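**Student:** The hints should help you fit chains E and G onto chain W, whose structure is shown.
Listed below are the residues making up each chain.
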Amino acid sequence: MRYIANTEADRRAMLDAVGVSSLEELFNDIPRQVRDRYQPIGLPERSELETVCKVHKLAPLNAAWEQYTSFLGGGVYDHYIPRVVPYVTSRSEFSTAYTPYQPEMSQGTLTAMFEFQTLLCELTGMDVANSSMYDGATALAEAVFMAERIAKTDKVAVCRSLYPHYRQVLDTYCQATGIEVVEVPYDHIGRYNADSLPTKISALVVQSPNTFGIIEEMNGLKERLGAALLIVAVNPISLGLIAPPGKAGADIVVGEGQPLGLSPSFGGPFLGLFACRKQYLRSMPGRIIGRTVDAQGEIAYTMTSQTREQHIRRGRATSNICTNSTLCALAAAVYLAGLGAHGLQELALLNLEKAHYLAERIGSLPGYSLAFSGPFFNEFVISVPGDPQSVCRRLARDKILVNNPSSLSELGVKQALSFAVTEQRTKEELDSLVNALRDIT
Amino acid sequence: MTYPTQFRYTKEHEWVSLEGNKVRIGITNHAQGELGDIVFVELPALEAQLEEGDTLATLESVKAVSDVYAPISGKVVEVNEGLEDSPETVNEDPHSKGWLVVIEVASPAQVDSLLDAAAYEKYLSSE
Amino acid sequence: MKTIFDAKGKREGKVLPALDVPQQGLEKLIPHSLRRSRKPRIPALSEPELVRHYTRLSKLNYGVDDGLYPLGSCTMKYNPKVNEDLAQLPAFADAHPLADERLVQGSLALLHEASRYLCNIAGLSDITLQPAAGAHGELTGMFLFNRYFRERGESKRKRMLLPDSAHGTNPASATTSGFSITQIPSGEDGMVDLVALRETLDETVAGIMLTVPNTLGIFEERILEITQMVHTAGGLCYFDGANLNAFLGQARPGDMGADAFHFNLHKTLSAPHGGGGPGSGPVAVSQCLVDFLPVPRITKDENGYHLDRNFPRSIGCMHSFYGNFGVILKAYAYILLLGDDGLHAVSDNAVLNANYLQERLKKTYHLPYDRLCKHEFVLSGEKLGQGITTFDIAKRLIDYGFYPPTVYFPLIVREALMIEPTECEGKETLDRFIGVMEKIALEAKENPELLRAAPQHAPVQRLDQTRAARHPILTYPFDELPE
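Residue numbers (the numbering used here), protein chains in the order written: chain W, 59 to 499; chain E, 216 to 342; chain G, 1067 to 1549.
Chain W with its partners taken away, still in its complex shape:
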């Protein structure tokens, strides 16, 4: 086996040193009947070439994406990834290291995670961030758990305009742990209805831009929540333009970090973003990197505030999380440092302008109109004439990908389709979509 360095002679010598006669003898502690029941999978050992061929045979069963134009969104966006991002993350010193338990041999990862935490705080306007969670949905679920610990109330309010996949994970976590989830409806603008905020809740969860793409107005919201926490889910790219949730008084900010230099990769690995106010540091889940000095007084970085974590506090830890998405957080740091604040703003502006161009073009077609009047970022909902599923299918024939309308329909937005636009979509592609829609009607 080509990943094993021992020779047959090595094995012989080692067995002799251990004082056993065969490899099998090393496994005598496993009950005979367990070993006898073993069934192989039925796979031969393959050369690298044979393995590559077998995996390559599965690839064409997927669509040839380069022939398609994507307007898919829902938190996962088709942004361009500068080559420098995968170049850095593929350095094996980063990719083949473990969790930085020994800081003297892990300053690379630790420094990069300190940078990542800082970048996230700058984007969100929060004081502290951890060095990542699994993905956006689990980051939100952990935020709700954290709010429950702080506010000591088993009820959380969630805007209905939350991504359905976030909501499903949140519901699963809450159902299993006995947290009641109550809903805040949306209004005709596409924003949460501020008149119907429930009381006696641990937190209110608001997503902005929300699942309809609408940017929520949160001024004055925190003041109305009393002791309850304000949890805001964000799209990090949008924060190049829109006000950071920290300014609106958010207590915890979560989000999906995929737009920051990660491939869609059929849903993972992604990057859970998690930041909060300093006063809640001790209730935070996840790994946190801090700056200190070494024995010579030189600046150095280390995992800190570890008493919150499972390897020390065990059953009383703030979360069970251990492995997170460090390498994805590194990608995000490289992506952002390659753009800079100005670049991020320009990028967000490109998304914004192109999305609005498309929305207006589609909205001018007979029978089509914007479903909500609120301001949006790079994703929007259009009311369509006829059955949205059939529109969707017709577009697919032209190799145009749009979000499945069923998730909108489940949120009560009937006869509608949503479109996400990134900097990668050219005017030509936007116009083709408009023409295709015109042809359908």
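Worth double-checking, as some hints may not be accurate.
[Unchecked claim] Result set (DSSO-like, lysine-lysine): computed pairs, CA atoms no more than 30 Å apart in a straight line:
| hint | chain 1 | residue 1 | chain 2 | residue 2 |
| --- | --- | --- | --- | --- |
| 1 | E | K312 | E | K278 |
| 2 | W | K258 | G | K1080 |
| 3 | G | K1068 | W | K336 |
| 4 | G | K1074 | W | K336 |
[To be verified] The following label-pair restraints were derived from C-beta to C-beta distances:
| hint | chain 1 | residue 1 | chain 2 | residue 2 | range |
| --- | --- | --- | --- | --- | --- |
| 5 | G | R1379 | W | K305 | 40 to 48 Å |
| 6 | E | G251 | G | E1546 | 27 to 35 Å |
| 7 | W | Q482 | G | D1151 | 22 to 30 Å |
| 8 | G | G1501 | W | Q354 | 27 to 35 Å |
| 9 | W | E108 | G | P1088 | 51 to 59 Å |
| 10 | E | S328 | W | R282 | 28 to 36 Å |
| 11 | G | L1516 | E | Y284 | 35 to 43 Å |
| 12 | G | G1501 | W | E108 | 34 to 42 Å |
| 13 | G | L1516 | E | S281 | 31 to 39 Å |
These aren't lab readings, by the way, just hints derived from the structure by calculation. Treat the numbers as computed from the prediction; the structure is a model and nothing was measured. Beta carbons are placed, not taken as given, at the ideal position from N, Cα and C, and that holds for glycine.
**Tutor:** Just chains E and G, lined up with the frame of chain W:
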């Protein structure tokens, strides 16, 4: 460091100092040495009613968390707020400036059942 | 430049395409009240600066590709390079998770086949690939147990049994899911004390969480009795798969009595750990839990593969989408590369390497549980004298260019040094490591200061952890004056 004779002690390495119907509580020099550098002290809320054996405070070092249990029942009337910014005081001056809480007790006589300094030192050497 | 924030000034250069639609302007599109008033302090680095900065940082790191990484319980094995390329194939990397399932049949086929292989390795009925890490798998398992008892009307079963040698994630996952913990002591042989187990089993017990072999590297020889006792008492058995490398390709958790078992694809099945993630923690389950598995599940019929949500008894969703596809793909390719014989060779060599190291090192270091081990073993650093601690030994190993073992875990061994060489290391490397460990033991006697001052040959010396915890600096101090 010697153990003040005016204090009483527990086998859980706390000291108790009776002040009228109140007792001031801290951890002993031995305990702070075992815990190592204390980096955070979590104290109870004022007015909290504690039963003997309840968690009175939580002390954290870099890689350990230790609970301090109430040696006597009573109501929390004072906490050492200075420890929030300077937890190292517990290490540096455990028997004085590093006190944790003051609780008002119903029966101060309970304190008499705890170890005196000589008995505590004897206990330490036997442990 | 120490961090990206130390780069001052603004770099020029075109990084984005020009706007090719008529410009409307930010002022018109987003009301002022919703706009950002201050730019985030994100530096803009030129590409050469960016590459040099992160290349420099990478050199301050140490990965499996740099050398021996004997971190116990972490299975730091070599990560085949071909897997990285396969994960980057555009057909897979560019697949959007919300694309129509007819367009992602290749991805679904891969997940479906990977599921089949993993179920086979686990010896269990079905699997969810959603959990993104081992601990996430544990949480999924605990949610499944919860639902199982709720449906059976046995909600009083709220106690989870855990050996005192358990990973910290086990109690954390159990309490997060609403279970209380009952700790089971280990016997003098390092295994679960059956008498203690029997005494605590009653109608309030939900189950047991076991790591097999346990964190001492010892296989629970009475595993069948343990699982049978728990089952007879009405409980379920969760197996933490962190130590699967010990019997990969030779024995199956399902045959030992597991009801749920999580894989760590980033350990046993060679996906790289990324400096702390991403990982993947699929959970395989026995028949009694299949109906509760998270949705969507990947099913197959004559029309192809489907993301099937039609399982009304499911606990729900554990991940935004279908799990860490990119990581699962690497594990899938690894299984293909190895085949059955290769999987078997993994545990053969992993266990042989560990026993060889244990046998040689126990002459110099205290071995609290002296018996054949599986893929890892635990030494104690406490008897070297001169006040030398395991911490000192670990730091001195850094000077000799090795990543230190896991230290101070499991908690039941004082001054623990938990060593896991994996199958990838050859005898030559192991002999070099043994030589260094012996030398350190000698240094501890003759020149203990060398250990206490270690490391001297690392990018930084020992860190002031107390200062980091007492006065946390968790973001770049922009307002700090330069020294």
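**Student:** So, for every hint listed, does it hold in this structure?
**Tutor:** Each hint tested on the structure:
| no. | hint | result |
| --- | --- | --- |
| 1 | E:K312 to E:K278 | holds (24 Å) |
| 2 | W:K258 to G:K1080 | violated (51 Å) |
| 3 | G:K1068 to W:K336 | holds (25 Å) |
| 4 | G:K1074 to W:K336 | holds (27 Å) |
| 5 | G:R1379 to W:K305: 40 to 48 Å | holds (44 Å) |
| 6 | E:G251 to G:E1546: 27 to 35 Å | holds (29 Å) |
| 7 | W:Q482 to G:D1151: 22 to 30 Å | holds (23 Å) |
| 8 | G:G1501 to W:Q354: 27 to 35 Å | holds (29 Å) |
| 9 | W:E108 to G:P1088: 51 to 59 Å | holds (54 Å) |
| 10 | E:S328 to W:R282: 28 to 36 Å | violated (53 Å) |
| 11 | G:L1516 to E:Y284: 35 to 43 Å | holds (42 Å) |
| 12 | G:G1501 to W:E108: 34 to 42 Å | holds (39 Å) |
| 13 | G:L1516 to E:S281: 31 to 39 Å | holds (32 Å) |
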